[in-house]
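If you use mature numbering (1 follows the signal peptide of the UniProt record, and there is no 0), the sequence shown corresponds to residues -24 to -1, 1 to 248, in order.
For the record, the hints were derived by calculation from the structure and aren't laboratory data. For each residue, glycine too, the CB sits at the ideal point set by N, CA and C. Hints may be right or wrong, so weigh each one.
Claimed, not checked - Computed beta-carbon distance windows for the label pairs:
#, residue 1, residue 2, range
1, T9, K136, 17 to 27 Å
2, K136, K225, 34 to 44 Å
3, D1, A145, 31 to 41 Å
4, T9, D151, 33 to 43 Å
5, G139, L81, 22 to 32 Å
6, G233, D112, 20 to 30 Å
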Amino acid sequence: MKNPALAVALSVALTPLFIATAHADKLDDIIGTGKLRCAVTLDFPPMGFRDAGNKPAGFDVDYCHDLAKVLGVEAEVVETPFPDRIPALISGRADVIVASTSDTLERAKTVGLTVPYFAFQMVVLTRDDTGINSYDDLKGKPLGNTSGTYEAIALEKDQKSWGSGSFRAYQSQNDTLLAVAQGHIDATVVTNTVAAATIKSGKYKNLKIAGNAPYVIDYVSLGAKRNEYGLINYLNLFVNQQVRTGRYKELFVKWVGSDIPPADLVVPQVYY
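With the hints as extra help, turn the sequences into a complete structure.
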């Protein structure tokens, strides 16, 4: 090229394009390795838990396997407690988060979140002997919840605003439920799905649901690294297809049952 200045300018402009072309995105990596690693929380039935044979089971586990199937790869469930979901993704231990992760704006600063793939209504879970029959009855009581969850953040915020009672954080959903059942705390707030599954299991004879918690519907998303646009776009399309093919409803009935209607993932004037 006769014009050295023009050659330098073109080189500077084209270099990022060559780098982008050479660097395969995460979606390509997953397909190329033949494995999809999903961060799944396994102490959150019926979304994720271990069955009688100690194998991962639940809605989120099946969702991971469905995603792997359409990608033509093998699914690997990476057991991940709630507080470790984002660290597992950022550190590279998992490729995607399939763990009932609330789509908060704070989380979206760190990871990329899809359109909602599930939604929860929050309810109060307490014992028969506490005298708690509604959310208002929680004022002044010893409360607790699972660290890092949407409901834990909301409940602790309310407890502090009341200026009475106490709040204790637990590392797992099982720890929280056990704390209520054994009287270490009087109540917690959990999803309607967890409450229904817990009571149905018969593991804790003295627990009851004491009405809805006045929280907004908790929409949860799949998660991927924030800069993996190709993977995030694919995940959004996958969620869409799960709903319109009827698979979402099928999994809901399988793991939650028919007593609670499948949550509507349409947000009026936002998602149609």
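Legend entry - C-beta pair K136, K225: status relative to the range 34 to 44 Å that was hinted: holds, 39 Å
Inset, instruction - Go ahead and decide if the range 31 to 41 Å is satisfied by the Cβ distance of D1 to A145. - result: Check passed, 37 Å falls within 31 to 41 Å.
Inset, instruction - Check the following: the C-beta atoms of G139 and L81 are separated by a distance inside 22 to 32 Å. - result: holds, 27 Å
Inset, instruction - Starting from the range 33 to 43 Å, see whether the pair T9 and D151 falls in it by beta-carbon distance. - result: Since T9 and D151 have Cβ atoms about 35 Å apart, the given range 33 to 43 Å holds.
Legend entry - Distance restraint hint 17 to 27 Å, applied to the beta-carbon atoms of T9 and K136: violated, 46 Å
Inset, instruction - Given the range 20 to 30 Å, decide if the beta-carbon distance of G233 to D112 lies inside it. - result: For G233 and D112 the Cβ distance comes to about 29 Å; the hint holds.
Consistency with the previously given hints fails for number 1 only.
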